[in-house]
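Asks: Here our numbering is used: the first residue of the first sequence is 1, the next is one more, and so on.
Think of the hints as simulated: they come from the structure by calculation, not from any bench. Check the hints yourself; a few may be wrong.
[As the list claims (entries may be wrong)] Taking lysine-lysine pairs in the BS3-like style, the calculated list, with each CA pair at most 25 Å apart, reads: (1) Lys5 <-> Lys22; (2) Lys160 <-> Lys5; (3) Lys58 <-> Lys210; (4) Lys190 <-> Lys88; (5) Lys22 <-> Lys160; (6) Lys22 <-> Lys210; (7) Lys15 <-> Lys5; (8) Lys58 <-> Lys15; (9) Lys190 <-> Lys160; (10) Lys210 <-> Lys88; (11) Lys4 <-> Lys22; (12) Lys58 <-> Lys190; (13) Lys58 <-> Lys160; (14) Lys15 <-> Lys210.
[Unchecked claim] Each pair of labels, with its calculated beta carbon distance range: (15) Arg192 <-> Phe82: 45 to 53 Å; (16) Ala191 <-> Leu98: 24 to 32 Å; (17) Leu50 <-> Glu3: 36 to 44 Å; (18) Asp2 <-> Leu98: 46 to 54 Å; (19) Arg172 <-> Gly46: 23 to 31 Å; (20) Pro206 <-> Asp64: 44 to 52 Å.
Keep in mind it's a predicted model, so treat the numbers as computed, not measured. For glycine and all other residues, C-beta sits at the position ideal for the given N, C-alpha and C.
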Amino acid sequence: MDEKKRTSRIIARLKRAYPDAKCSLNHTNPFELLIATILSAQCTDGRVNLVTADLFRKYRRCEDYVNAAPSELEQDIRSTGFYRNKAKAIQGACQMILERYAGRVPETMDELLALPGVARKTANVVLGNAYGIASGVVVDTHVSRLAQRLQLTEHEQPEKIERDLMKLVPQRDWINFPHLLIAHGRTVCKARTPLCADCVIEQYCPSSMK
DNA sequence: CTCCCGATAT
DNA sequence: ATATCAGGAG
């Protein structure tokens, strides 16, 4: 079986197992998703959602972040970790969005990549989940781990993994595919102890311990 | 490559 | 005690 066929079988199985897989970061607009995604670095989505529940009530627009005292914003996002970096990134991004785009989150890859604290992973999350634009494939820690275990790539750098996945996965699935891998990665194909006995794609996995 | 960093699971 | 979590910048 060639790699594309194996990939399509994997996708079909995962869609059946996780029919409701979607973006797990709570948000009601592109701006909120951008902030939530910046906060999600090396932090669980559950923790991010806990923080943004209060954060999005207190900070509604770019001006609210830009005008806040850095130390106060840092405390408001502290429990997500890396809070100094994240606060600085958020304030820098908001200032740029205000100056260049009149407060609207841009809808192109290049414009998003120019924002501080935003690289391909965050840009792909915002474009895909807030704007419905299939700009690429989100590669986070779960997608990276599963793509390697499934041997959908032989690389470790996120950018190279994304390039391999964009070749293997049909573009209509670029947005949903990471949701499927993340759902599977969180519940079954875990980082420390993969539960291969419970895996619905075990027959397609070269790394299976079954 | 290193650094940033708190919360939770194992 | 240590690994891991929807990463990005220098």
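Asks: Are the hints correct? Go through all of them and say.
Replies: Results of checking the hints against the structure:
{"no.": "1", "hint": "Lys5 <-> Lys22", "in the structure": "holds, 24 Å"}
{"no.": "2", "hint": "Lys160 <-> Lys5", "in the structure": "holds, 21 Å"}
{"no.": "3", "hint": "Lys58 <-> Lys210", "in the structure": "violated, 49 Å"}
{"no.": "4", "hint": "Lys190 <-> Lys88", "in the structure": "violated, 32 Å"}
{"no.": "5", "hint": "Lys22 <-> Lys160", "in the structure": "holds, 24 Å"}
{"no.": "6", "hint": "Lys22 <-> Lys210", "in the structure": "violated, 28 Å"}
{"no.": "7", "hint": "Lys15 <-> Lys5", "in the structure": "holds, 15 Å"}
{"no.": "8", "hint": "Lys58 <-> Lys15", "in the structure": "violated, 37 Å"}
{"no.": "9", "hint": "Lys190 <-> Lys160", "in the structure": "holds, 22 Å"}
{"no.": "10", "hint": "Lys210 <-> Lys88", "in the structure": "violated, 46 Å"}
{"no.": "11", "hint": "Lys4 <-> Lys22", "in the structure": "holds, 23 Å"}
{"no.": "12", "hint": "Lys58 <-> Lys190", "in the structure": "violated, 35 Å"}
{"no.": "13", "hint": "Lys58 <-> Lys160", "in the structure": "violated, 38 Å"}
{"no.": "14", "hint": "Lys15 <-> Lys210", "in the structure": "holds, 22 Å"}
{"no.": "15", "hint": "Arg192 <-> Phe82: 45 to 53 Å", "in the structure": "violated, 22 Å"}
{"no.": "16", "hint": "Ala191 <-> Leu98: 24 to 32 Å", "in the structure": "violated, 38 Å"}
{"no.": "17", "hint": "Leu50 <-> Glu3: 36 to 44 Å", "in the structure": "holds, 39 Å"}
{"no.": "18", "hint": "Asp2 <-> Leu98: 46 to 54 Å", "in the structure": "holds, 49 Å"}
{"no.": "19", "hint": "Arg172 <-> Gly46: 23 to 31 Å", "in the structure": "holds, 29 Å"}
{"no.": "20", "hint": "Pro206 <-> Asp64: 44 to 52 Å", "in the structure": "holds, 49 Å"}
Violated hints, listed in ascending order, are 3, 4, 6, 8, 10, 12, 13, 15, 16; each of the other numbered hints is respected by the structure.
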